[in-house]
Each structure stands twice: as C-alpha cells, then as structure tokens.
Amino acid sequence: MAATSSRQFLNGFYPKSTSISFSHSSSLQGFGTQIAIERKEGFSCVETAAVRQLTGFLTKNEELRFAVVVARFNDIVTKLLLEGALETFKKYSVKEENIDVVWVPGSFEIGVAAQRLGKSGNYHAVLCIGAVIRGDTSHYDAVANSAASGVLSAGINSDV
1 MAATSSRQFL
11 NGFYPKSTSI
21 SFSHSSSLQG
31 FGTQIAIERK
41 EGFSCVETAA
51 VRQLTGFLTK
61 NEELRFAVVV
71 ARFNDIVTKL
81 LLEGALETFK
91 KYSVKEENID
101 VVWVPGSFEI
111 GVAAQRLGKS
121 GNYHAVLCIG
131 AVIRGDTSHY
141 DAVANSAASG
151 VLSAGINSDV
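First residue of the sequence shown: 1, per UniProt numbering; consecutive thereafter.
Take the hints with a grain of salt, since some may be wrong.
[Said to hold, decoys possible] Label pairs and their calculated CB-CB ranges:
no.	residue 1	residue 2	range
1	Asp136	Glu96	11 to 21 Å
2	Asp159	Asp100	10 to 20 Å
3	Asp100	Ser153	18 to 28 Å
4	Leu86	Gly106	14 to 24 Å
Derived by calculation from the structure, the hints in this document are not laboratory data.
Think of the CB as a built atom: it goes at the ideal place given N, C-alpha and C, for glycine as much as any other residue.
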C-alpha cells in the first residue's frame, strides 16, 4: 500500500472523480483493497473494509433481452420493486421493448415461471421479484423457502 503525502484516507466518502485506478493489497485476497481517486487537487484513497467494489456501465446491450417475473401478492411492495428495476434498466440504456414483465399469483409461483422463461431461449437474464411478509404463522417459512428454492432451481435448470 504505497501512499504519498498528496493522498489522504477518507471514511467512506467518494469525491467527484475524473479517473479511477485500483490497487490491491496482497496480504489477504479481497481485504485491504485501496481505491485511488484522481481529482484536480490531487489524489485521495478510500480503504474498503472487506471487498473490492467495481461499478461500471453495460455496453452493447441493444441485443440483450430480459424477463422480469413479479408476484401479484403483496403488490404494494412488488410494484415499487418493479418500478426500481425498470428504472435501472433504463439507466443502463436497455430498451423497453427488450424487457418482458410476467405477473404470477404469488412468490411461490415465481420459480416455475422463471424456469419456463429461462428455458425458452428468448432471454439473457430473468429477474425475479416477490415479497413474503412474516406473519403469526409458519406459512412465511414455507413460502419463502419454496420461492428461494424455486428460483435457484430455475437458474440451474435453465442456464440463465
């Protein structure tokens, strides 16, 4: 970890940058990652706690197609999550006509729909959105576990 007098460590603060370079400590892989951020005034470094974080943008996405499976049950939550997902697609310049939204009755059915969409060969990725809210019964555990298992199975069996 080389540091010069023109570098300073900031606690989680990312100043506006014009370029970013990455260096990495070899003591423990993934730990002690240092991010040097170049500014007009000089350099500053940010020490992350445990993992490297890289952000970027999606390129050549004109031909990518996405499916979004959304549970109608608890739609007060899932509609907002869907809106956020669609905004993110838009942020990364994914065309609206390359996104198909499929509504299913509840979180339990998400896996079945996701697997069918994945196996269709029409999509590069399938996004699953559901909300299971814990109540006074054990119903939550059964639905949440089944939904998670179904989504995992869909990913494994459809190669998407």
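Here's how the hints hold up against the structure:
1. Asp136 with Glu96: 11 to 21 Å: Given about 41 Å between the Cβ atoms, the range is violated.
2. Asp159 with Asp100: 10 to 20 Å: 18 Å, holds
3. Asp100 with Ser153: 18 to 28 Å: For Asp100 and Ser153 the Cβ distance comes to about 21 Å; the hint holds.
4. Leu86 with Gly106: 14 to 24 Å: 21 Å, holds
Comparing the model with each earlier hint shows a violation of hint 1 alone; every other hint is respected.
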